[in-house]
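Chain by chain, the residues run as shown.
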Amino acid sequence: MREFDYRRADDVTGAVALLDADPDARYLGGGTNLVDLMKNGVETPARLVDVRSLPLDRIEAGDDGSVRIGATVTNSDLAAHPLIRDHYPALTQAVLAGASGQLRNMATVGGNLLQRTRCGYFTDITRPCNKREPGSGCPAIEGEHHNHAVLGASEHCVAVHPSDMGVALTAFDAVVSWRTADGAGEAPLNDFYLPVGDTPHRETVLPAGALITHVTLPPARVAARSRYRKVRERASYAFAIGSVAAALEVADGVVCDARLALGAVASRPWRARLAERILVGAPATPEYFTAAADAELAAARPLPHNGYKVTLLRNLVVAVLTELAEETSR
Amino acid sequence: MTPPTSSSTVTLNINGEKHTLTVDHRTTLLDALRDRLDLTGTKKGCDHGQCGACTVLVDGRRTVSCLQLAVASEDRDITTVEGVAEGDRLHPVQQAFLDLDGFQCGYCTPGQICSAVAVIEEHAAGWPSAVTADVRPEAGPPPLTTEEIKERMSGNLCRCGAYGQIAQAVARAAAEASTEKLTEETAV
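So the protein sequences, as listed, match chains G and H.
Residue 28 is where the first sequence starts when you use the working numbering, and the numbers rise one by one after that.
Residue 6 is where the second sequence starts when you use the working numbering, and the numbers rise one by one after that.
Simulated from the structure, these hints should not be mistaken for laboratory data.
These numbers were taken from a predicted model, which means no experiment stands behind them.
Glycine included, every Cβ here is placed at the ideal spot set by N, Cα and C.
Do not rely on the hints blindly, as some may be mistaken.
[Said to hold, decoys possible] Label pairs and their in silico Cβ distance ranges:
| id | chain 1 | residue 1 | chain 2 | residue 2 | range |
| --- | --- | --- | --- | --- | --- |
| 1 | H | G169 | G | T349 | 28 to 38 Å |
| 2 | H | C110 | G | P161 | 44 to 54 Å |
| 3 | G | H332 | H | C165 | 26 to 36 Å |
| 4 | G | G210 | H | E143 | 34 to 44 Å |
| 5 | G | V281 | H | E152 | 34 to 44 Å |
| 6 | H | P148 | G | E353 | 49 to 59 Å |
| 7 | H | D139 | G | D279 | 24 to 34 Å |
| 8 | H | E152 | G | T349 | 15 to 25 Å |
| 9 | G | G164 | H | G65 | 13 to 23 Å |
| 10 | H | G65 | G | D321 | 25 to 35 Å |
| 11 | G | E160 | H | E185 | 37 to 47 Å |
| 12 | H | C165 | G | D321 | 41 to 51 Å |
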């Protein structure tokens, strides 16, 4: 590991100043991804700015029913918070479906959104990878890609975003806020991640040196009846091979509001807007749920070894929506 | 800004004792415990946060010490497996692991024990888990079934496969803790 300077920041302005938009410096949150990537040699920062002592560790309800989540709130505290469990249960479920109890105690909300892909070529510095080393190539396309993207990928990168939390936040229209030396900025999570295109190394719209300060969940009545379901290769403590965050509101057998996002299918949490449009106003039956899932997944371009994901996601969407519809009608 | 340095002098509060040492910033809490402070109860397994062998408690929360930098651990209360007992009286989790054979080779055991101590507290605080059917607060805390214990302990791998006995040991220690709490409450 490269030697590095270490600074602990006491306030947001100080943290931003300490990082100084230096491309060779990184903010340190829980470190569960960054420290690991430093051990692997993927990340080689010259300076770490520790942001864990910043006063960004609170979850607060807004007057309008929104919820503001500080960037250094840990995954554990987010999942256990009564407001989240009550109004956005799929977010609690998504967080609890990720990592382990130990990692959830360390990991932070800001870091979760900025964590890097677990693609084996990205984390192995002896292999080419366009995300890690632009222009070096993508061995996954011809190689090991059974858990890679089926939506929104490009010939330059087929890696998936590993977050569970992000899938639920995307479904619920979360807004990411940040600070730079020039001031504050924000973007809906749906627009936060950049398209892969030929620049897979550029992942988000964050300006240089930006520090995520908080994530805001707008009020959404539909989110109170929501669910996150994750499929993985073992029962616990593994990344998803496919996941769904869904919320559904049904009146007289007809869907009046729906939220749907898919995980482990793309370089970002995938908001299924096409499916949502088909669902709203349609009868809340498995036939229509299937039609909505198929419409969303029609854009899928699977590789030779990950075509199973299309079927898996479709079945997952139908199953989760059917469960939610049954709950609603009870 | 002061010039960059690659090491710092830190004071770590471990098992109630303060230790001041100069650490290379690259040193993990795990390596500081084992190599600098001779607290070798905490074990190094994968060194990548995937096995749980290095689990310690930081401010009461279970943490994998292999991904926690020592320099970032100042001003935190750290408890290792050496610190969970009260003098000669084993922690109920330690006693249950002994009584119910919650291990075979023992390498993962310190991490399992630290994790279990925290699992019992997390459950007592009402935290749901990934297998909790209804996470809404009004549903109340789920009973600590074997399924709940297995999910909550899934961050600790046991290559010998002593999982059955580990789950039993955690269940017994949790039951003792809740009985003790009940007795204390009744006494008050």
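- Message: Which constraints among the numbered hints does this structure fail? Numbers only, ascending.
- Response: 6, 9, 10, 11
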